[in-house]
Amino acid sequence: MAAALRLENSSSSCPHPDLAPSDFHLFGPLKRHLGGMAFETEDDLISELRNWFDNLDVDFFRVGINSLLLRWQKCIDLHGDYVEK
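Numbering (the working numbering), first residue to last: 1 to 85.
These are calculated hints, taken from the structure and not from any lab test.
All residues carry an ideal CB built from backbone N, CA and C; glycine is no exception.
Watch out, some of these pointers could steer you wrong.
[Unchecked claim] Label pairs and their calculated CB-CB ranges: (1) Ser47 <-> Leu26: 34 to 42 angstroms; (2) Arg32 <-> Leu70: 20 to 28 angstroms; (3) Asp54 <-> His79: 39 to 47 angstroms; (4) Lys74 <-> Asn51: 28 to 36 angstroms; (5) Gly36 <-> Gly80: 36 to 44 angstroms; (6) Leu45 <-> Leu70: 29 to 37 angstroms; (7) Asn51 <-> Gln73: 32 to 40 angstroms; (8) Lys74 <-> Leu30: 40 to 48 angstroms; (9) Glu48 <-> Ile76: 36 to 44 angstroms; (10) Asp43 <-> Gly80: 19 to 27 angstroms; (11) Met37 <-> Asp57: 34 to 42 angstroms; (12) Leu69 <-> His33: 23 to 31 angstroms.
Sequences are here, hints too, so could you generate the full structure?
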């Protein structure tokens, strides 16, 4: 698949704040979903996470991946300069 997308594996990944996976597409909605919930056990948390992921539409991931590709390209085009959200 990487070949189809013309992606290369780079050993020198740039730690760029605009591309941080921790705040990109997935964790905002997940944080909002879990906000205010309390879990008695780790198993309860895992069960809720599985339920949330199982109910996500395929388009959720498609949109996230496509948006990330666009942000990567912006970063490349700007030679690593800041990318506005």
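Structure-based check of each hint:
Taking the beta carbon of each, Ser47 and Leu26 are about 19 angstroms apart, not inside 34 to 42 angstroms as hinted. For the hinted restraint 20 to 28 angstroms between Arg32 and Leu70, the CB-CB distance of approximately 23 angstroms keeps it satisfied. As the Cβ distance of Asp54 to His79 is approximately 41 angstroms, the hint placing it in 39 to 47 angstroms holds. Between Lys74 and Asn51 the Cβ separation comes to about 34 angstroms, which falls inside the hinted range of 28 to 36 angstroms.
For Gly36 and Gly80, the Cβ-Cβ distance of about 38 angstroms falls inside the hinted range of 36 to 44 angstroms, so the restraint holds. Checked against the hint of 29 to 37 angstroms, the C-beta distance between Leu45 and Leu70 comes to roughly 32 angstroms, which is consistent with it. Look at Asn51 against Gln73: about 34 angstroms separates their beta carbons, and that is inside 32 to 40 angstroms. For the pair Lys74 and Leu30, the supplied restraint of 40 to 48 angstroms is violated, since their beta-carbon distance comes to about 24 angstroms.
Between Glu48 and Ile76 the beta carbons are some 37 angstroms apart, a value that agrees with the proposed interval 36 to 44 angstroms. Judged by the Cβ atoms, the range 19 to 27 angstroms given for Asp43 and Gly80 is violated: they are separated by roughly 43 angstroms. For Met37 paired with Asp57, a C-beta distance near 21 angstroms fails the hint of 34 to 42 angstroms. A hinted range of 23 to 31 angstroms holds for the C-beta pair Leu69 and His33, which are about 25 angstroms apart.
Violation of the numbered hints given earlier is confined to hints 1, 8, 10 and 11; the remaining hints are satisfied by the structure.
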